[in-house]
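Since the structure of chain H is already known, use the hints to place chain X on it.
Chains H and X supply the protein sequences, listed in that same order.
With this note's numbering, the residue at position 95 of the first sequence is 76, and numbering never jumps.
Convert by adding 335 to the 1-based position in the second sequence; the result is the number in this note's numbering.
Hints in this document: simulated from the structure, not taken from any laboratory.
As the structure is a computational prediction, the values presented were derived from the model and not from experiment.
Mixed in with the good hints, there may be bad ones.
With a Cα cut of at most 25 Å, we get these calculated PhoX-like pairs of lysine-lysine [what the hints assert, rightly or not]: (1) H:K247 x X:K411; (2) X:K505 x X:K527; (3) H:K219 x H:K244; (4) H:K247 x H:K219; (5) X:K684 x H:K244; (6) H:K247 x X:K684; (7) H:K219 x H:K168; (8) X:K409 x H:K247; (9) X:K700 x X:K684; (10) H:K168 x H:K71; (11) H:K244 x X:K411; (12) X:K614 x H:K244; (13) X:K505 x X:K700; (14) X:K523 x X:K614.
Per the computed footprint, the stretches of chain H lying under chain X, defined by three or more beta-carbons under 8 Å from a beta-carbon of chain X, are [what the hints assert, rightly or not]: (15) 186 to 195; (16) 206 to 216.
From chain X, some residues computed to sit far from chain H (all C-beta separations above 10 Å) [said to hold, decoys possible]: (17) P400; (18) D426; (19) L453; (20) D492; (21) P603; (22) E619; (23) K700.
Where is the CB? At the ideal position from N, CA and C, for every residue including glycine.
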Amino acid sequence: MKTLAFSGRLAGAIDCDVHNAVPSVKVLYPYLSEYWQDFMAEAGHPSLEPNYYPVNSAIAARPEARGAGGPPGADPDALISLVLDQTGAKRAILNCLYGVQALYNEYWAGAMATAVNDWLADQWLDRDPRLSASIIVAPQNPAAAVEEIERRAADSRFVQVLLPARTQMPLGRRYYWPIYEAAARHKLPVCIHAGGGGGGNPPTPVGWPTYYVEEYLAVAQGFQGQLVSLLAEGVFAKVPDLKVVFAESGFTWLPSLLWRLDKNWKGLRREVPWVDRLPSEIIREHLKITLQPLDEPDELRRLVETIDHIQSDQVLLFSSDYPHWQFDEEGPLPMALSPEAERNLLFANAERTYRFHA
Amino acid sequence: MLDHVTERPARAARTKARQPFIDCDIHNYIQSDAVLMRYLDPHWHNHHRTYGHRSNPALTFHGAPYPRLAGVGKRKDAAPPSGLTAGADFDFFRQQHLDALPIEYGILNCLSRVGDQLNSDYDAALARAMNDWQSAEWLAADERLLGSIMVPYEDGDLAAEEIRRMAADKRCAQVLLKPRTREPLGRKRYWKIYEAAEANDLPIAVHFGGYSQNPITSSGWSSFYFEDHTNMPQTFQAHLISLVCEGVFERFPRLRIICVEGGFAWLPSLMWRMDKHLKRLADEVPHVTRRPSDLVREHIRFTTQPMEEAPNPQHILQVIEHFETDEMLMFATDYPHWDYDNPDRVLEKLPEALRRKIFVENARKFYGLEPRAA
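Next comes chain H alone, as it looks inside the complex:
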């Protein structure tokens, strides 16, 4: 069976996008108030397992991640063994994709975010010092999200704030700024990960597609819209220390977007006067993107050229996207990179981005 271990190439890597799963909503009850326990019992114990990955589809889990019982990623021992022990990676960041951000009830969403974070700290982070995690927040209620960031900031095992790629409004809007200010105050990057409910907005700019694969492909378009919004609304001018990490966005679309942004900025910049220099410069300064899923061409020379078009080897962060099935025997890491680019990708860029605990 194919596994994540690839003949030592990943030794010392920092895996910036790994998904652990909530095995059952009931594991969160000890971290919920009586009110919410009662609310959920009345509602028949609704699970917030999202449909971002149809559970039986090939992409939802690598073959080796499908164990007996529980969703893929629910067993800490299996995850630690596959992602860290067998690869030699030195650290993994857990992005727990539970559908908190897709709820319409912002109070419930806030309570669930807090419960997931408590559960992460108890059941995962206490288990292995190589694990770090993202702070789950409910962007439906920015004030509560800020409170949650403040609550976790002292626990250095939480290394960033997690937001979904599909939100009710574009993420550059002023409504979300308190989240960015709180994150930057604590030197926490904001990681925007594929998923979220989008407040009911269709997943493509032309409405609802028929097939799941279309929706999956459309994730790359959604991220482009979020990046344009963050830039155009002046988030990076307002919060100059903010770092943004895109996870599971793909990145081969980035150069063409930077070129279009730069050209349009020259013609239209008086509409957005706070964007006071070339968009590509601002974005290269603030944005990181995780590696997998890597939309690579057959011929790796073309991938290397595309990475070169970003004009920085400090943008990409290594990720396996475990347990999602994004690569086969070729492994998660493209073979064609220079030793220095590979070093930056595997761990050096992550060490510049995050403040990891000892």
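Below, chain X without anything else, positioned relative to chain H:
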């Protein structure tokens, strides 16, 4: 204003020394509502005057809700002395653009309110009026010009009817859609359009713009025109995904699509992404029988303007190489819009053979046009 116009021949002289080119995106505009009324079925006159255009934005100004900051979206020097809007004065257009540059053929993409209307019957009446006006006042006036058939594309039956009506006019080179549709273009509601287009050997041009119920990002509406314009390629990307995944090219094997003014440097990335994920998730779309990138290379073309301009021109050449075909691109100026690409100023670093492909040969082949004697 006229100073700018008289400057033109100096620039154009350099182009004249080069080969003729085909301009795949020129915008003509109707002179006035009074002229429209001469072509609109009298049955619709009262409706047009009383209720007029109804589409998604609650505001009625041009470009609502994103005002075009750049001279109402048009080159300032393209405003004709007659006082008509830029692109509406045929004689001035011919002098400033068609005669000043060595244009072998020019494809007109008339951006009207056709296609945007919530009332499909009114939309169809507008389409008939606009197409008849274009044939009479533009296509008949200069044999270098070819037209695009405007259709009420949200209603497949009415759109197909208009395609069949206009197909008899051989000066119409393609069918015109705008990408801000109600649904992704692979959905079956649009298949009647493809059936009629294929039967009449007309390509489908999808041109930047339109109004929509769907926000341009998957997280809602952008605040600024800067964003709306920058994000527009994503509508084209979504349509390509939909056309491939719905099996449109298996069902209509001779259908051809041209993406106009949506950029092109993003295409290799999208082809790689589709190839990769459709392989893993092939069991959901068993009707897709070929590799997405092969379908794209066979059925889809792009115009160049507005070119993504990389700071290192070598990078654009690499992107063009990543298409794995030199037939993907066709040159366009977008006259008279603000983001016009000057044929002397863009794509300067191309090897000559590729330049000829992009500036003239690809469009001749795509539209079946004979070279014109110089």
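Going through the hints against the structure:
1. H:K247 x X:K411: holds (17 Å)
2. X:K505 x X:K527: holds (21 Å)
3. H:K219 x H:K244: holds (23 Å)
4. H:K247 x H:K219: With a Cα-Cα distance of about 21 Å, the restraint between K247 (chain H) and K219 (chain H) holds, given a limit of 25 Å.
5. X:K684 x H:K244: holds (18 Å)
6. H:K247 x X:K684: holds (22 Å)
7. H:K219 x H:K168: Since the Cα atoms of K219 (chain H) and K168 (chain H) sit roughly 15 Å apart, the hinted pair holds (cutoff 25 Å).
8. X:K409 x H:K247: Distance of about 16 Å is within 25 Å: holds.
9. X:K700 x X:K684: Holds. K700 (chain X) to K684 (chain X) sits at ~23 Å (cutoff 25 Å).
10. H:K168 x H:K71: holds (22 Å)
11. H:K244 x X:K411: holds (19 Å)
12. X:K614 x H:K244: Violated, because 35 Å separates the two Cα atoms, which is more than 25 Å.
13. X:K505 x X:K700: holds (16 Å)
14. X:K523 x X:K614: holds (23 Å)
15. 186 to 195: holds (count 10)
16. 206 to 216: n = 6 at 8 Å, threshold three: holds.
17. P400: With a cut-off of 10 Å, P400 (chain X) remains clear of chain H, as the shortest Cβ separation is near 13 Å.
18. D426: With a cut-off of 10 Å, D426 (chain X) remains clear of chain H, as the shortest Cβ separation is near 29 Å.
19. L453: holds (15 Å)
20. D492: Holds: least Cβ distance 20 Å, greater than 10 Å.
21. P603: Answer for P603 (chain X): violated, closest chain H Cβ roughly 7 Å.
22. E619: violated (5 Å)
23. K700: At about 25 Å from chain H, K700 (chain X) clears the 10 Å cut-off, so the statement holds.
Hint compliance for this structure: hints 12, 21, 22 are not met, and every other hint is.
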